[in-house]
Structure formats: structure tokens, C-alpha cells
Amino acid sequence: MNIYVLMKKTFDTEEKIQISGGKIEDDGAEFIINPYDEYAIEEAIKIRDEHGGEVTIVTVGDEDSESQLRTGLAMGADKAVLINTEDDVEEGDQVTTAKILEAYFEDKEVDIILAGNVAIDEASGQVGPRLADKLDIPYVTTITSIDIDGDTVKIDKDVEGDVEKVETSLPLLVTCQQGLNEPRYPSLPGIMKAKKKPLEELEIDDLDLDEDDVEAATETVEIFLPPEKEAGKVLEGEVDEQVKELVSLLKSEAKVL
Amino acid sequence: MGKYLVISEVRDGELRNVSFENIAAAKQIDESNEVVAVVLGDGELESLGQELIQYGADKAVVVQHENLKNYTSDGHTQAVMAVIDQEDPDGIVLGHTSEGKDLSPRIASKLDSGLISDVTQIEGSGDDVKFVRPIYSGKAFEKKVIKDGKTFITIRPNNIAPLEKDESRSGDVERVDVDIKDLRTTIKEVIRKASEGVDLSEANVIVAGGRGVKSKEGFDPLYELADVLGGAVGASRGAADAGYCDYSLQIGQTGKVVTPDLYIAVGISGAIQHLAGMSNSKVIVAINKDPEANIFNVADYGIVGDLFEVVPALTEEIKALKG
Numbered sequence: 000m001n002i003y004v005l006m007k008k009t010f011d012t013e014e015k016i017q018i019s020g021g022k023i024e025d026d027g028a029e030f031i032i033n034p035y036d037e038y039a040i041e042e043a044i045k046i047r048d049e050h051g052g053e054v055t056i057v058t059v060g061d062e063d064s065e066s067q068l069r070t071g072l073a074m075g076a077d078k079a080v081l082i083n084t085e086d087d088v089e090e091g092d093q094v095t096t097a098k099i100l101e102a103y104f105e106d107k108e109v110d111i112i113l114a115g116n117v118a119i120d121e122a123s124g125q126v127g128p129r130l131a132d133k134l135d136i137p138y139v140t141t142i143t144s145i146d147i148d149g150d151t152v153k154i155d156k157d158v159e160g161d162v163e164k165v166e167t168s169l170p171l172l173v174t175c176q177q178g179l180n181e182p183r184y185p186s187l188p189g190i191m192k193a194k195k196k197p198l199e200e201l202e203i204d205d206l207d208l209d210e211d212d213v214e215a216a217t218e219t220v221e222i223f224l225p226p227e228k229e230a231g232k233v234l235e236g237e238v239d240e241q242v243k244e245l246v247s248l249l250k251s252e253a254k255v256l
Numbered sequence: 000m001g002k003y004l005v006i007s008e009v010r011d012g013e014l015r016n017v018s019f020e021n022i023a024a025a026k027q028i029d030e031s032n033e034v035v036a037v038v039l040g041d042g043e044l045e046s047l048g049q050e051l052i053q054y055g056a057d058k059a060v061v062v063q064h065e066n067l068k069n070y071t072s073d074g075h076t077q078a079v080m081a082v083i084d085q086e087d088p089d090g091i092v093l094g095h096t097s098e099g100k101d102l103s104p105r106i107a108s109k110l111d112s113g114l115i116s117d118v119t120q121i122e123g124s125g126d127d128v129k130f131v132r133p134i135y136s137g138k139a140f141e142k143k144v145i146k147d148g149k150t151f152i153t154i155r156p157n158n159i160a161p162l163e164k165d166e167s168r169s170g171d172v173e174r175v176d177v178d179i180k181d182l183r184t185t186i187k188e189v190i191r192k193a194s195e196g197v198d199l200s201e202a203n204v205i206v207a208g209g210r211g212v213k214s215k216e217g218f219d220p221l222y223e224l225a226d227v228l229g230g231a232v233g234a235s236r237g238a239a240d241a242g243y244c245d246y247s248l249q250i251g252q253t254g255k256v257v258t259p260d261l262y263i264a265v266g267i268s269g270a271i272q273h274l275a276g277m278s279n280s281k282v283i284v285a286i287n288k289d290p291e292a293n294i295f296n297v298a299d300y301g302i303v304g305d306l307f308e309v310v311p312a313l314t315e316e317i318k319a320l321k322g
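Going down the list, the sequences are from chains Z and A. Here numbering that gives the first Met the number 0 is used: position 199 in the first sequence is 198, and no number is missing along the way. Here numbering that gives the first Met the number 0 is used: position 226 in the second sequence is 225, and no number is missing along the way.
Just so you know, the hints here were simulated from the structure itself, not pulled from any lab data. Check before you lean on any hint, since a few could be wrong.
[As the list claims (entries may be wrong)] As a list, the in silico DMTMM-like pairs of lysine to aspartate or glutamate whose alpha-carbon atoms are at most 20 angstroms apart: (1) Z:K153 / A:E188; (2) A:K58 / A:E173; (3) Z:K254 / A:E315; (4) A:K215 / A:E308; (5) Z:K133 / Z:D211; (6) Z:K192 / Z:D77; (7) A:K187 / Z:D146; (8) A:K281 / Z:E244; (9) A:K109 / Z:D212; (10) Z:K22 / A:E141; (11) A:K321 / Z:E240; (12) A:K321 / Z:E244.
Here the structure is a predicted model, which is why all the values come from computation and not from measurement.
Build the full structure now, drawing on both the sequences and the hints.
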């Protein structure tokens with residue numbers, strides 16, 4: 000099977016966000032594989048181990064994305080592709096990324112593409128479905144279980160807490176939700192092997208695209224931080240007194256009851 | 000002015016609240032906008048169309064077909080694209096819900112259009128409109144504009160207030176016939192696991208439990224409190240990882256990002272990843288036995304104490320208040 004994973008690097012979830020010069024300050028920030036994409040990599044490896052084939056991780060990013068790709072290879076993926084847009088794309092959006100991926104996948108034989116359901120930075124969740132539409136293959140978002148039998152695919156899809164039992168077929172794109180699996184940590188031998196696994200680097204003109212072809216349709220005009228929350232009032236007294244005071248404050252001061 | 004399509008959502012035969020919020024959003028973008036509300040389903044939809052008009056839509060369009068009983072990307076895309084062909088809108092608004100998140104990128108792709116997802120606030124109007132959306136799970140916000148093409152957005156439930164219902168308003172409810180076919184995905188069964196009643200993403204009140212709740216059973220008093228408040232129960236990653244509750248309840252940087260009017264954090268220490276998912280709630284109450292817990296730094300009101308004493312007492316007190 001030809002198994003592909005769409006991966007994005009994101010800020011570590013521990014990172015505090017700071018703004019400088021109107022942009023998110025990324026100097027010195029730790030980057031990780033987007034946590035939802037980790038589920039996608041793990042599931043891709045499991046599918047390969049069961050059905051055979053090859054797992055290729057694809058990212059649209061910059062030079063530094065190699066580190067997250069190597070981590071994915073160390074987990075057990077076979078190949079990685081870095082589409083480096085550093086020099087060509089100033090301000091991309093989901094239209095940009097979907098177009099680049101569409102061009103990449105144009106001549107590929109795909110059985111399944113796995114992606115995270117959202118990236119925890121931009122959190123638009125658009126790229127997976129947009130790509131599936133362009134490739135004219137079905138997609139199922141927020142999956143928590145997948146079982147492939149021949150061309151038939153049985154999926155559990157999380158719908159705001161409910162579970163839909165979905166049946167569909169290959170080729171297919173899915174986006175992964177928490178609960179799908181427990182991503183493995185790369186093993187030491189895995190890390191050693193990953194260094195020698197193929198990592199292909201492309202730029203958009205390798206895909207016959209230029210800057211204008213991938214122009215964003217939306218633009219970010221400002222980034223700001225939410226007002227810092229001040230610590231509030233810690234109530235005192237016996238439990239029943241505290242509870243009475245809380246209810247009274249919620250009713251008369253906060254006006255939420 | 001322009002024409003806006005707002006795509007409504009039906010659950011168990013009723014319109015979800017975000018359907019009305021979509022109308023308010025389209026009017027907020029430009030008061031003079033003509034708002035066309037779209038309802039898809041397999042049952043009788045005319046009365047839902049009328050209800051949308053009472054909430055401010057100028058017209059409703061319904062597409063009824065047996066293949067629209069459950070949401071599927073293929074089925075709903077065919078229906079919405081048929082309505083778009085007919086109406087040729089300048090803008091489209093959907094809820095940033097499970098359905099909206101699944102459907103909107105596909106429609107945007109078909110239209111070769113940009114899409115601003117998960118809008119929580121609309122600033123300015125007309126040509127100067129900007130859309131505010133959280134990034135990094137609410138650790139920061141961005142303002143976005145559409146460079147050209149249709150104004151296409153999804154809005155986060157619970158952030159843009161619906162217009163007041165006006166029962167005297169009436170308008171046309173049109174039927175559009177579309178043959179919905181060739182569905183590549185079929186839904187065999189829907190298993191209801193979500194807590195009965197209030198949905199976490201739309202809840203005005205959330206009672207969330209963390210590791211301090213200690214067990215599955217430990218969540219029982221939280222459900223009782225949520226019940227008297229008409230709210231939903233959520234959880235921290237710690238509680239979900241420990242198996243005290245389902246992952247679907249998880250709030251945080253992974254999991255849901257919520258902005259209820261009242262958020263009661265019970266036995267939650269307040270890791271940065273959890274705070275990202277809830278710190279934009281209007282009022283936050285923290286109940287924790289550790290006075291040093293980080294959650295107290297974002298809470299409006301805190302009670303330091305044993306949650307198994309405090310929560311039931313709080314439930315009783317609110318019961319008494321509500322009579």
C-alpha cells in the first residue's frame with residue numbers, strides 16, 4: 000500500500016506565545032510534530048505493518064522541518080518529503096498549502112493519506128479536506144478507529160463525542176482525532192536508522208508552480224495576545240460558607256447564574 | 000450589500016443554535032446583506048425555514064432528500080453546491096462545528112476560495128470587515144481579511160449572539176430539488192456517547208474535572224452539578240489519560256477549546272495546555288485542594304478545599320437558589 004502522512008511542525012504545547020514586530024516570536028521556541036499528526040504517523044505505521052507497503056511523510060515547511068521529519072522516520076516511517084517554501088512563499092494560507100500538496104500528489108499512486116484533524120497552531124483543519132477534494136478522493140475527518148479490509152474501510156468517526164460508524168473505500172484521506180492510538184516514542188535503533196532513510200527536498204518550482212500559483216486568498220493583518228487574566232478572589236471560611244459566598248458572587252457580581 | 004448563504008445545522012429534527020448565530024454573523028458583516036438560510040435534511044424542513052426567517056434570515060432554501068438524513072461530505076456538498084449555483088452568493092457562513100469543519104473546506108476548494116475558520120468576533124463591517132480568530136488554542140488571536148473572492152467563514156458556536164426571534168416575521172421558504180447520489184461514504188450507525196442534552200462546544204456552563212477527581216465514579220458529583228446548572232461536563236487531559244472519562248470530553252490545546260459563560264474547574268491543576276482551552280471563558284471558578292495550583296491564577300473565584308465536599312454542597316446551594 001502507498002501510505003502518505005501530511006505532517007506539520009508546530010510550537011511545543013509548553014511554549015508561551017510572545018509577539019514581536021507584529022509576528023509570533025519563534026526565536027528559541029521548541030518545535031514538535033503537531034500532536035494530531037503524530038496520531039497519523041502512528042496509524043500509518045500500523046497500517047503498513049498489517050498490510051505491507053510504504054509510509055511517506057510529507058511536509059510543507061522550511062529547512063528546520065527536517066528535524067520533525069527525522070522524528071517521524073525514527074518512529075518507523077520509510078521516507079520523507081520536505082517541500083521547502085522558505086524562499087518562495089511569504090504569507091501562505093490553506094489555499095497555498097493545499098495547492099502545493101495537490102501538485103505533489105498529482106502523479107502519485109495513493110492508497111491512503113493520513114493527516115492530523117487540525118494543527119494546534121493555526122487550527123483551521125482545512126488542508127486535508129481541500130486536498131481530498133482536489134484529488135477527488137473521499138475523506139473522513141476526526142477518526143478514532145480504522146480497519147482496512149481489501150478496498151473496504153471501516154471507520155469510527157468522532158462527532159462531538161458521538162461515534163459514527165462509517166464505511167468507505169480506498170483511495171481515501173482521513174484526519175486523525177485523539178483516541179485513535181498511542182503514538183510510540185522513537186527507539187534508539189529507530190533514531191539511528193532514521194538518519195539513513197531517504198529524505199527528499201523539493202521546492203515549488205520542482206512541482207511546476209510559481210509564487211503566483213500558490214497565492215493566499217486570505218491575509219493576517221494583526222496578531223495580538225488576549226488580555227492577561229488577573230488572579231481572582233480565593234474564598235475563605237468553612238465549606239458551606241465558601242459555597243454560599245460563591246453562589247452569591249456568581250449571581251450578583253459575575254451575573255452568570 | 001451582498002447576498003449571504005448561511006448553512007444551518009439540524010440535530011434530532013431541531014435547528015442547532017449556531018444556525019441562528021450564522022444569520023447574526025452575516026448581518027453583522029453588513030447590515031444590508033440579504034441572508035439566505037439553507038436547511039438540508041430528509042424530513043419536513045419548511046417549518047425550520049420559517050424559524051430561520053424569524054431569527055433574521057430574509058429567505059430560506061430547503062433541500063430535502065433521503066440521502067441527506069445523516070451528514071456526509073459527499074451528500075451535503077452536492078446539496079450546498081446546487082444552492083450556491085442557484086443563488087450565487089457573495090458570502091457564506093457556517094458553524095465551526097463537526098459538520099461545518101468537515102464541509103466548509105471542501106466547498107471552499109470547489110469554489111477555489113479562501114476560508115477563514117473558527118471566527119469568534121467580527122470587527123468593522125462592509126469593506127473594512129476583519130475576522131478575529133484564536134490561534135495557538137487561544138494563547139493568541141489573529142485578525143484576518145479576505146483578499147479577494149467570496150467572504151467565506153465558519154464561526155465558533157457561542158461567540159456571536161443570535162438576533163432576537165421575531166415571530167411576526169415571515170418570508171419565502173423555497174425548495175431546491177437536488178438528486179443526491181453516489182455517496183462514497185455511508186454511515187452505518189451512530190452511537191450516542193456524548194452526555195445527554197448539552198453539547199460541550201455550545202454549553203454556557205461547563206463543569207470540568209481533572210486528576211483530582213480520582214476515578215470514573217468521581218465524576219458523578221460533577222455531572223450532578225452540571226445538571227442543575229444546565230451545563231456540560233468536560234475534563235483535563237490528565238483525567239482523560241487516566242481513563243476517568245472519554246477523550247471526547249477533553250478540553251485544552253489537544254481537545255476542545257471552549258468559551259462558556261461559566262467554567263468550573265474541579266481538581267484541575269491548570270497546566271498551560273489546559274488553560275489554552277478554557278482561559279477565555281467569561282467567568283472561571285477553581286475548586287482545588289492545593290492552594291498553589293496554577294488554575295487559581297486564571298480563576299475569578301477560587302475555593303481551596305476537598306472537591307468531594309465542595310461540589311455536592313455547591314449543587315445543593317444552586318438547587319436551593321433555583322427553587
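Structure-based check of each hint:
Our distance criterion of 20 angstroms between C-alpha atoms is met by Z:K153 and A:E188, whose separation comes to about 12 angstroms. About 8 angstroms separates the Cα atoms of A:K58 and A:E173, which keeps this hinted pair within 20 angstroms; it holds. Simply put, Z:K254 and A:E315 have alpha-carbon atoms about 19 angstroms apart, close enough for the 20 angstroms limit, and the pair holds. Between A:K215 and A:E308 the CA atoms are separated by roughly 17 angstroms; this keeps the pair inside 20 angstroms, and the hint holds.
For the proposed pair Z:K133 and Z:D211, the alpha carbon gap of about 18 angstroms is at most 20 angstroms, so the pair holds. Under the criterion of a C-alpha separation no larger than 20 angstroms, the hint pairing Z:K192 with Z:D77 is consistent with the structure, at around 10 angstroms. With a CA separation close to 14 angstroms, the supplied pair A:K187 and Z:D146 stays within the 20 angstroms bound. Simply put, A:K281 and Z:E244 have alpha-carbon atoms about 19 angstroms apart, close enough for the 20 angstroms limit, and the pair holds.
In summary, the hint linking A:K109 to Z:D212 is supported, as the alpha carbons are separated by about 16 angstroms, within the 20 angstroms threshold. At most 20 angstroms may separate the alpha-carbon atoms for a hinted pair to count; Z:K22 and A:E141 meet this at roughly 10 angstroms. Among the hinted pairs, A:K321 with Z:E240 is consistent with the structure: their alpha-carbon atoms are about 18 angstroms apart, no more than 20 angstroms. At most 20 angstroms may separate the alpha-carbon atoms for a hinted pair to count; A:K321 and Z:E244 meet this at roughly 16 angstroms.
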